[in-house]
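Taking the hints into account, I'd like the entire structure generated from these sequences.
Chains C and D, in that order, are what the protein sequence lines are.
Numbered by our numbering, the letters in the first sequence go through residues 287 to 824 in order.
Numbered by our numbering, the letters in the second sequence go through residues 287 to 824 in order.
Check the hints yourself; a few may be wrong.
[Said to hold, decoys possible] Have a look at the derived ranges for each label pair, beta carbon to beta carbon:
hint, chain 1, residue 1, chain 2, residue 2, range
1, C, H801, D, R294, 27 to 35 Å
2, D, L391, C, R770, 38 to 46 Å
3, D, D641, C, Q616, 50 to 58 Å
[What the hints assert, rightly or not] Covered by chain D, according to a simulated footprint, are these stretches of chain C (three or more residues, beta-carbon under 8 Å):
hint, segment
4, 377-385
5, 393-407
6, 461-475
7, 702-708
8, 737-747
9, 794-803
Keep in mind the hints are simulated off the structure, nothing from the lab.
Predicted, not measured: the structure shown is a model, and the values here were computed from it.
From the three backbone atoms N, C-alpha and C, an ideal C-beta is built for every residue, glycine too.
Protein chains: 2
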Amino acid sequence: MSTSTPPRLAAAMDAWRLSIGPENVIDDPATLALTGTATYAVDQPVPAVIRPSTTIEVSQCLRIATENGIHVYPISRGMNWGYGSKVPVESNCVVMDLGRMNRILDYDVEMGTVTVEPGVTFHQLQDLLEEHGSKHFMAAPGTSPHASCIGNALDRGWGFGPYSDRFDYSAGMEVVLPDGEVVETGNARFRGSRSAHLFKWGNGPYVDGIFTQSNFGVVTRMTFFVAETPPIFASYVYKIAGDAKLPALMDALRELKMRHIMRTNFKVQSFYRLFMERQQFPAGQEDFLLTPEAVAEAKQKWGIDDWNGFGALYCWSDAQYAAEREIVEQVLRPHVDALVFLDADVMARKDAIKDEVLEETGFHLEQILDRFWVNTRLIGVARGKGVSGAYFRKSTPVPDELDLDRDRVGFLWVDPILPLRGSDVRDAADLAGQIMKHHGFEPNLGFNCVTERAIFMTISLVFDREREGDDARAMRCAKELAQRMSAEGFTLGRVANGLMSVLDHAQPASLDLQHRIKEALDPAGILSPGRYEVPPSF
Amino acid sequence: MSTSTPPRLAAAMDAWRLSIGPENVIDDPATLALTGTATYAVDQPVPAVIRPSTTIEVSQCLRIATENGIHVYPISRGMNWGYGSKVPVESNCVVMDLGRMNRILDYDVEMGTVTVEPGVTFHQLQDLLEEHGSKHFMAAPGTSPHASCIGNALDRGWGFGPYSDRFDYSAGMEVVLPDGEVVETGNARFRGSRSAHLFKWGNGPYVDGIFTQSNFGVVTRMTFFVAETPPIFASYVYKIAGDAKLPALMDALRELKMRHIMRTNFKVQSFYRLFMERQQFPAGQEDFLLTPEAVAEAKQKWGIDDWNGFGALYCWSDAQYAAEREIVEQVLRPHVDALVFLDADVMARKDAIKDEVLEETGFHLEQILDRFWVNTRLIGVARGKGVSGAYFRKSTPVPDELDLDRDRVGFLWVDPILPLRGSDVRDAADLAGQIMKHHGFEPNLGFNCVTERAIFMTISLVFDREREGDDARAMRCAKELAQRMSAEGFTLGRVANGLMSVLDHAQPASLDLQHRIKEALDPAGILSPGRYEVPPSF
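In structure tokens:
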């Protein structure tokens with residue numbers, strides 16, 4: 287330990303070593319440096335990392351932290367790329383790494399639920415579900431498959447498929463409060479309850495929600511619902527040229543979503559979002575925006591256009607599939623320039639029809655089959671690379687296993703919530719594009735429909751942390767996006783560390799309510815200070 | 287005011303009179319007696335009723351209560367029949383009647399949301415939606431159409447149709463805390479947020495849930511999502527003789543629910559539930575259970591059987607309806623003795639086919655068309671009588687407008703949550719039936735599928751409060767049901783006043799968490815003491 291370690295931290299570290307073993311109390315400079323590294327500029331040094339392996343150990347560690355007044359910042363797998371990675375919001379927080387708690391505690395095959403610890407990854411869960419015959423699938427994440435299911439849910443991240451709104455499809459938590467008390471929620475708080483893992487509301491006040499996007503407790507167990515794998519799965523991809531058709535497309539998508547014809551989330555993504563996922567910054571390119579010729583070439587090469595979307599159908603009979611497909615076609619055709627359905631029939635005939643598909647739609651059939659039908663997250667495949675587009679600006683190639691922190695990839699998310707309505711989408715796309723271009727960023731935009739009425743807009747800033755000035759430029763752009771989008775009514779749905787000051791837009795009484803709950807559950811204020819809180823200096 | 291009014295109450299009442307007008311501070315004995323009357327025996331005298339008409343007035347009233355240490359119990363419309371009606375859980379609570387706050391604040395026709403005050407009833411909302419062309423429908427309640435939408439949602443009641451789990455389909459609350467602070471939740475706490483009424487999670491900790499089934503604040507505004515009215519609506523009814531087929535039927539229903547073929551809730555109800563809704567206790571009948579001959583006669587007369595169920599399809603094309611109907615038939619036919627679909631075609635041909643339907647299925651076509659296709663709650667009709675079956679034991683006829691409290695109807699709900707699984711349903715039905723018969727109650731049971739994995743079982747005790755000993759007998763039976771069902775893992779989903787001691791089954795740490803939040807938000811403990819709390823004497 288460094289000789290400059292403050293005495294209360296030293297005392298806590300001694301106590302932690304006794305509790306969880308000295309090998310799980312880490313303060314070597316290399317680990318601390320990596321733990322303190324995000325995909326954008328942060329300056330919150332991490333004094334130590336502790337790695338409890340059980341709920342009891344988490345409880346002991348938090349009790350020790352409370353007794354010594356040491357701040358603790360829990361991470362599950364620490365893959366919170368673009369939002370702050372493993373890095374605490376404030377300085378001098380010990381990082382509690384829950385990666386050793388990686389047991390899948392239960393898979394109820396009959397009822398379609400999995401109960402997991404925070405260290406369990408999407409990849410790990412997919413392996414288990416496949417071992418059991420792929421009867422069910424978990425909503426796969428947009429990010430790395432090695433991310434934590436619980437971590438993602440607690441930040442109210444979303445996935446692909448019918449259970450996209452991940453937290454909404456969970457039931458029953460085990461939470462360790464900052465003073466070490468272990469609380470169960472939902473019907474899990476009733477010993478022997480047969481619906482402990484099946485019914486989210488429980489009985490009495492529904493408290494699970496206060497442990498999401500907050501700093502009130504450490505969640506050490508959660509149950510997720512997994513969707514039944516249908517006998518007939520089909521997906522569809524579509525695209526449009528130019529921005530003019532985007533609002534009407536969005537209204538059409540709302541129609542499909544409201545009518546439950548679209549049971550998955552959908553995504554509509556800008557040219558640059560897809561371009562970056564397919565190749566790195568072209569050598570010899572001068573301006574940050576491609577020339578019109580280069581854009582045209584890329585569109586043809588990758589079968590993409592200015593706006594690109596997909597959806598999926600989950601059906602239990604051929605007739606149901608035919609009927610739903612017809613409704614999708616009727617609703618979408620008038621608003622898109624190309625629409626292709628991907629199903630078992632297309633897969634079987636792919637060689638025979640690929641030229642025709644290319645000619646008629648510009649889609650490369652093998653590419654879209656692989657991306658949206660075979661290895662697709664829409665049916666739970668959590669084995670891709672994740673956000674490979676983040677390497678767009680790197681001069682080194684995209685590695686097999688992404689590690690954005692290690693590779694000094696510049697990556698920052700700003701995620702406003704929009705009404706699922708054409709006029710709002712147009713306003714938001716215009717404003718975000720204008721701010722991004724002003725700061726020298728491509729309009730890398732996505733619209734992710736997770737609910738029937740509101741969507742996540744994902745604004746992605748991609749840069750190279752090795753390039754002088756890029757860190758500062760990205761944070762300036764992100765702050766302007768966060769502030770101006772919020773001021774226009776596009777409230778953020780998830781906030782990256784470093785952008786918490788946007789919460790100042792909230793009604794003071796609501797912040798006071800949050801503060802009162804915080805004081806009740808964490809009077810010593812040791813847990814994740816600053817997380818989803820207005821910075822005190824603001 | 288009575289001369290025996292305690293001085294602090296007298297001071298509060300003076301302050302309330304100044305705040306909301308003397309006509310809205312009521313203590314005439316007749317009103318107090320009726321307010322203190324439930325559908326079963328209670329002994330919690332109500333010292334006064336206050337009737338604020340705005341959020342500001344609610345805030346002032348609560349502030350006055352906090353300053354004077356006066357307990358307040360808010361009701362919306364006070365139609366909480368079978369759970370305690372208007373009666374506070376503990377004695378000496380002033381009832382805050384929010385019935386004057388009956389404005390529909392917004393109907394967003396494009397996005398399908400309604401924003402209402404606590405006094406708004408289901409009936410009132412249906413009127414509004416009809417005035418706008420019935421583009422949407424609200425999940426209609428099982429109880430009186432004059433019940434409050436917010437009141438029902440806050441007790442996590444459920445309705446009919448695709449948005450059955452009412453609280454799940456809400457976004458953004460205005461809540462007055464016991465000290466008078468007015469808090470907005472979800473994105474409503476961000477001024478000008480375009481998704482204030484569209485996105486339930488908001489940003490930061492999701493707190494809405496803690497204001498359901500609790501006593502932390504008074505909700506003065508809520509937004510509900512309303513479902514789009516489909517061009518093709520169909521329903522289906524089915525029934526089975528005997529108990530043997532019930533478990534397999536339940537597993538089949540889970541299949542339909544998990545696959546989203548059944549987007550509404552479904553109900554499967556016992557013979558006695560339906561019999562009581564159709565006629566009162568037969569004159570001359572001796573035993574509380576009908577003779578086998580009388581049962582057989584009633585089954586034929588009313589077209590019902592030992593277990594009776596229904597569901598609905600909401601479709602956007604004929605092909606979709608045909609496909610979904612075929613799936614329902616395939617899944618259900620092997621498990622039911624009769625199954626009839628009700629749609630526009632059947633309605634048109636009803637006179638021609640009714641004899642055939644009766645002969646083949648025992649269903650009286652006109653009856654079921656009226657109940658499940660024309661005037662059905664499955665598509666939002668909130669104009670029926672509600673729980674008319676509660677009058678089963680009364681010697682007076684069922685009135686046009688039900689008032690169970692006034693009419694001294696004996697009625698008590700016990701609602702365990704079960705896994706949506708045949709074996710659990712069988713266990714629960716057996717245990718509940720056995721306890722009910724032991725206490726001289728008919729097995730009046732319903733299984734209400736609100737979620738994909740867990741269902742509400744509704745056990746209904748129907749009696750006549752005028753009959754000597756019935757009040758005590760009902761409470762003995764309810765307590766035994768609550769305790770023994772809980773002990774068997776059938777945790778209650780909603781708890782009637784008088785049965786709160788069942789919460790003693792909860793893990794102590796979870797009760798402590800609830801207590802900590804209560805202390806943080808209501809340090810004076812003035813709001814609805816005892817609601818969803820373990821009784822102190824227990």
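A quick look at each hint next to the structure:
For the hinted restraint 27 to 35 Å between H801(C) and R294(D), the CB-CB distance of approximately 30 Å keeps it satisfied. The hinted window of 38 to 46 Å between L391(D) and R770(C) is violated, with their beta carbons roughly 29 Å apart. One distance hint, 50 to 58 Å for the beta-carbon pair D641(D) and Q616(C), is violated here, with the actual separation near 40 Å. Against chain D, the segment 377-385 of chain C contributes 0 residues with a C-beta closer than 8 Å to a partner C-beta. That does not satisfy the three-residue criterion, and the hint is violated.
Counting residues of the segment 393-407 of chain C whose CB falls under 8 Å from any CB of chain D gives 4; the rule of at least 3 is met. Under the rule that three or more residues need a Cβ within less than 8 Å of chain D, the assignment of the segment 461-475 of chain C holds, with 8 such residues. Using a Cβ-Cβ cut-off of 8 Å, 5 residues of the segment 702-708 of chain C lie near chain D, which meets the minimum of three, so the contact claim holds. With a cut-off of 8 Å between beta carbons, the segment 737-747 of chain C has 4 residues touching chain D; three or more are needed, and the interface restraint holds.
Counting residues of the segment 794-803 of chain C whose C-beta sits closer than 8 Å to any C-beta of chain D gives 7, which meets the bar of three, so the coverage hint holds.
Of the hints listed earlier, those the structure fails to meet are numbers 2, 3, 4, in rising order.
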